[in-house]
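There are 2 protein chains.
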Amino acid sequence: MNFPSAADIQAAHERIKPYVHRTPVLTSQTLNELSGAEIFIKPENLQKIGAFKARGAMNAVLSLDEPARRKGVVAHSSGNHAQGVAYACKTLGIPAYIVMPENSSAVKIDAVRAYGAQVYFCINTAEERQKKADEIMEATGAAFVHPFNDFAVIAGQATAAKELIEDTPEKLDFLVCPVGGGGLLSGTALAAHYFSPHTHVIAGEPEGAADAILSFQNEKIMKAPYVDTIADGLLTTLGDKTFAIIRDYVTDIVTVTDEDIVQTMKLVWERMKLVVEPSGVVGLAAVLKYKGNFTGKRVGVIFTGGNVDLKKLPF
Amino acid sequence: MNFPSAADIQAAHERIKPYVHRTPVLTSQTLNELSGAEIFIKPENLQKIGAFKARGAMNAVLSLDEPARRKGVVAHSSGNHAQGVAYACKTLGIPAYIVMPENSSAVKIDAVRAYGAQVYFCINTAEERQKKADEIMEATGAAFVHPFNDFAVIAGQATAAKELIEDTPEKLDFLVCPVGGGGLLSGTALAAHYFSPHTHVIAGEPEGAADAILSFQNEKIMKAPYVDTIADGLLTTLGDKTFAIIRDYVTDIVTVTDEDIVQTMKLVWERMKLVVEPSGVVGLAAVLKYKGNFTGKRVGVIFTGGNVDLKKLPF
Numbered sequence: 186m187n188f189p190s191a192a193d194i195q196a197a198h199e200r201i202k203p204y205v206h207r208t209p210v211l212t213s214q215t216l217n218e219l220s221g222a223e224i225f226i227k228p229e230n231l232q233k234i235g236a237f238k239a240r241g242a243m244n245a246v247l248s249l250d251e252p253a254r255r256k257g258v259v260a261h262s263s264g265n266h267a268q269g270v271a272y273a274c275k276t277l278g279i280p281a282y283i284v285m286p287e288n289s290s291a292v293k294i295d296a297v298r299a300y301g302a303q304v305y306f307c308i309n310t311a312e313e314r315q316k317k318a319d320e321i322m323e324a325t326g327a328a329f330v331h332p333f334n335d336f337a338v339i340a341g342q343a344t345a346a347k348e349l350i351e352d353t354p355e356k357l358d359f360l361v362c363p364v365g366g367g368g369l370l371s372g373t374a375l376a377a378h379y380f381s382p383h384t385h386v387i388a389g390e391p392e393g394a395a396d397a398i399l400s401f402q403n404e405k406i407m408k409a410p411y412v413d414t415i416a417d418g419l420l421t422t423l424g425d426k427t428f429a430i431i432r433d434y435v436t437d438i439v440t441v442t443d444e445d446i447v448q449t450m451k452l453v454w455e456r457m458k459l460v461v462e463p464s465g466v467v468g469l470a471a472v473l474k475y476k477g478n479f480t481g482k483r484v485g486v487i488f489t490g491g492n493v494d495l496k497k498l499p500f
Numbered sequence: 186m187n188f189p190s191a192a193d194i195q196a197a198h199e200r201i202k203p204y205v206h207r208t209p210v211l212t213s214q215t216l217n218e219l220s221g222a223e224i225f226i227k228p229e230n231l232q233k234i235g236a237f238k239a240r241g242a243m244n245a246v247l248s249l250d251e252p253a254r255r256k257g258v259v260a261h262s263s264g265n266h267a268q269g270v271a272y273a274c275k276t277l278g279i280p281a282y283i284v285m286p287e288n289s290s291a292v293k294i295d296a297v298r299a300y301g302a303q304v305y306f307c308i309n310t311a312e313e314r315q316k317k318a319d320e321i322m323e324a325t326g327a328a329f330v331h332p333f334n335d336f337a338v339i340a341g342q343a344t345a346a347k348e349l350i351e352d353t354p355e356k357l358d359f360l361v362c363p364v365g366g367g368g369l370l371s372g373t374a375l376a377a378h379y380f381s382p383h384t385h386v387i388a389g390e391p392e393g394a395a396d397a398i399l400s401f402q403n404e405k406i407m408k409a410p411y412v413d414t415i416a417d418g419l420l421t422t423l424g425d426k427t428f429a430i431i432r433d434y435v436t437d438i439v440t441v442t443d444e445d446i447v448q449t450m451k452l453v454w455e456r457m458k459l460v461v462e463p464s465g466v467v468g469l470a471a472v473l474k475y476k477g478n479f480t481g482k483r484v485g486v487i488f489t490g491g492n493v494d495l496k497k498l499p500f
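Chains as they are written, first to last, in the working numbering: chain C, 186 to 500; chain E, 186 to 500.
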């Protein structure tokens with residue numbers, strides 16, 4: 186497999202720059218005291234659509250040629266990828282067809298429709314989602330953009346870590362982010378490999394969706410033993426592309442409980458004044474839980490998103 | 186009166202830089218679309234202690250000479266100024282004596298104590314607060330730092346607008362912030378006067394604490410006709426120093442209702458993913474309410490703080 190190269194990631198960055206925020210790097214004395222490390226936060230909850238997914242979706246859609254763009258884009262997602270693709274298509278003035286599970290929350294459906302996308306519903310299984318997406322592609326000729334198992338998406342997600350590396354004054358010892366399907370993690374691992382080769386990349390994963398750690402340890406794609414976590418953005422299993430990159434370039438994957446996640450989320454709201462979703466803080470939860478591994482180190486941490494229903498806070 | 190000079194504000198900025206965040210400048214397509222203006226947000230909710238008050242308190246305490254510092258600092262405040270002074274004193278390793286109203290919330294008392302300050306309680310009247318502060322000064326020799334009517338505090342608060350001016354790519358047509366006692370507003374007005382003289386400074390004030398607009402229109406310090414607003418950081422009346430600067434350098438003051446404030450707060454949480462307190466968004470609420478005055482203009486807006494009880498959200 187030809188993974189995205191340094192040049193691919195640099196090109197992705199140039200391509201998406203006019204359409205995404207260069208989110209700041211934030212520091213917090215409280216986090217440093219709690220962890221014993223020096224922490225640099227990349228708050229992608231402040232990104233367009235409230236999540237890093239705008240980066241990958243924007244790069245994938247911008248990578249289509251003009252005739253392909255005119256036919257539009259299909260995606261299936263109940264979460265931030267749907268908004269990312271809808272945002273990218275709205276920005277370029279092309280059609281977006283989004284397949285969502287029929288039990289998606291009204292808040293999420295409204296958010297996708299607010300970007301002008303056409304929403305299609307299906308039964309919430311991987312097979313039904315893909316079947317519906319295939320039907321739409323057949324009927325419209327639109328291009329399919331996978332939420333993570335796509336090198337253009339991965340190169341786009343890599344730009345978050347690239348910016349964090351560029352905007353942190355000294356070398357980072359670690360980069361830490363959550364893992365779901367592995368789009369952000371594989372992109373982060375490639376960015377570190379190319380642009381900060383001595384930086385170790387660590388992923389946090391919910392105990393209740395622990396497929397990536399199993400796959401990583403067993404060197405083959407495996408399913409989670411059970412799926413039950415508040416981190417609803419991290420339920421998916423790795424794809425062959427994300428797995429291959431993670432296997433080669435990630436140092437370690439560790440798990441956290443839902444209690445760790447909720448405590449960390451509350452800490453971030455109270456002390457950093459940021460609205461983050463449960464999935465968004467799983468990287469930081471991992472650093473705080475295993476802080477002995479990070480003592481005295483410089484640790485970059487990506488907050489992935491902030492799309493949460495303010496009426497249903499877990500604290 | 187000798188208002189702080191450009192050199193005073195520059196010196197304040199250099200003095201406090203090692204101890205405060207240079208908060209980023211954030212933009213939002215949603216805000217631009219809603220307002221018809223180009224808005225640049227300075228999110229001081231991301232500042233140390235969660236509010237711009239860290240700037241003025243830090244400058245005032247750093248401006249004391251060594252013998253004075255050793256005797257410590259007295260302040261009276263139920264809110265962010267208390268935390269600002271406590272933070273400044275903790276940072277420099279000197280005593281902080283904070284007088285708080287006896288009906289202050291446990292959350293606020295705990296926050297001040299967490300910075301190592303000694304808390305004293307008094308009946309919640311201006312006279313009792315000052316009497317208690319005077320007693321502590323008498324007993325300890327500590328220096329008094331007023332929450333707003335102090336040129337060192339005003340010069341410190343001015344650094345937020347100075348940074349916003351420096352970090353916005355082109356000239357701002359307007360700078361907008363809330364007004365309570367007027368420390369931030371007078372500092373913002375001086376910063377604009379010295380560093381961006383064509384920028385107009387506008388203040389938002391709650392209808393339920395409308396003393397500044399009355400004072401501004403009648404050219405003398407007046408009390409609010411009634412005090413009843415969710416913006417609990419903006420209840421105080423202008424001081425002679427803040428009033429004099431505001432009278433000379435502010436373009437206009439406009440009022441917003443509590444409903445405007447709560448709607449704006451919800452918008453900022455949902456769309457900008459920032460935890461802001463009701464007082465913190467009064468500037469933005471004013472821009473959105475009177476958007477006809479800002480059409481097509483470049484508008485800098487300061488979010489002042491994010492210290493809010495997550496269990497008592499008004500939406």
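The hints are simulated quantities; they were obtained by calculation from the structure and are not laboratory data.
The reader is advised that the hints may include incorrect statements.
You can't tell identical chains apart in this list, so a pair holds if it fits in one copy or across any two.
To be verified - Derived lysine to any residue pairs resembling SDA-like cross-links, with alpha carbons at most 20 Å apart:
#1 Lys-496 <-> Gln-214
#2 Lys-202 <-> Thr-353
#3 Lys-496 <-> Gln-448
#4 Lys-474 <-> His-378
#5 Lys-474 <-> Leu-452
#6 Lys-356 <-> His-383
#7 Lys-451 <-> Lys-476
#8 Lys-451 <-> Leu-498
#9 Lys-496 <-> Ser-289
#10 Lys-451 <-> Glu-218
#11 Lys-497 <-> His-385
#12 Lys-356 <-> Glu-392
#13 Lys-496 <-> Glu-404
Quick caveat: nothing in here was measured; it's all calculated off a predicted structure.
How the hints compare with the structure:
With identical chains, the CA atoms of Lys-496 and Gln-214 are never at most 20 Å apart, being 30 Å at best within one copy and 24 Å at best between copies. Taking the closest pair of Cα atoms, Lys-202 and Thr-353 come within 20 Å of each other both inside a single copy (19 Å) and across two copies (18 Å). With identical chains, the CA atoms of Lys-496 and Gln-448 are at most 20 Å apart both within one copy (18 Å) and between copies (15 Å). Taking the shortest Cα distances, Lys-474 and His-378 never come within 20 Å of each other, neither inside one copy (25 Å) nor across copies (49 Å).
In this assembly of identical chains, Lys-474 and Leu-452 lie within 20 Å of each other by CA distance solely inside one copy; the values are 13 Å within and 33 Å between copies. With identical chains, the CA atoms of Lys-356 and His-383 are at most 20 Å apart within one copy only, with a shortest distance of 8 Å there and 41 Å across copies. Taking the closest pair of Cα atoms, Lys-451 and Lys-476 come within 20 Å of each other only inside a single copy of the chain (18 Å); across copies the shortest separation is 35 Å, beyond that limit. In this assembly of identical chains, Lys-451 and Leu-498 lie within 20 Å of each other by CA distance both inside one copy and across copies; the values are 9 Å within and 14 Å between.
Taking the shortest Cα distances, Lys-496 and Ser-289 sit within 20 Å of each other inside one copy (16 Å), while across copies they are farther apart (27 Å). Proximity of Lys-451 and Glu-218 under a CA criterion of 20 Å is satisfied intra-copy only: 17 Å inside one chain copy versus 31 Å between copies. With identical chains, the CA atoms of Lys-497 and His-385 are never at most 20 Å apart, being 35 Å at best within one copy and 41 Å at best between copies. When the C-alpha separation of Lys-356 and Glu-392 is checked against a cutoff of 20 Å, the pair qualifies neither within a copy, at 30 Å, nor between copies, at 50 Å.
With identical chains, the CA atoms of Lys-496 and Glu-404 are never at most 20 Å apart, being 41 Å at best within one copy and 45 Å at best between copies.
Hint compliance for this structure: hints 1, 4, 11, 12, 13 are not met, and every other hint is.
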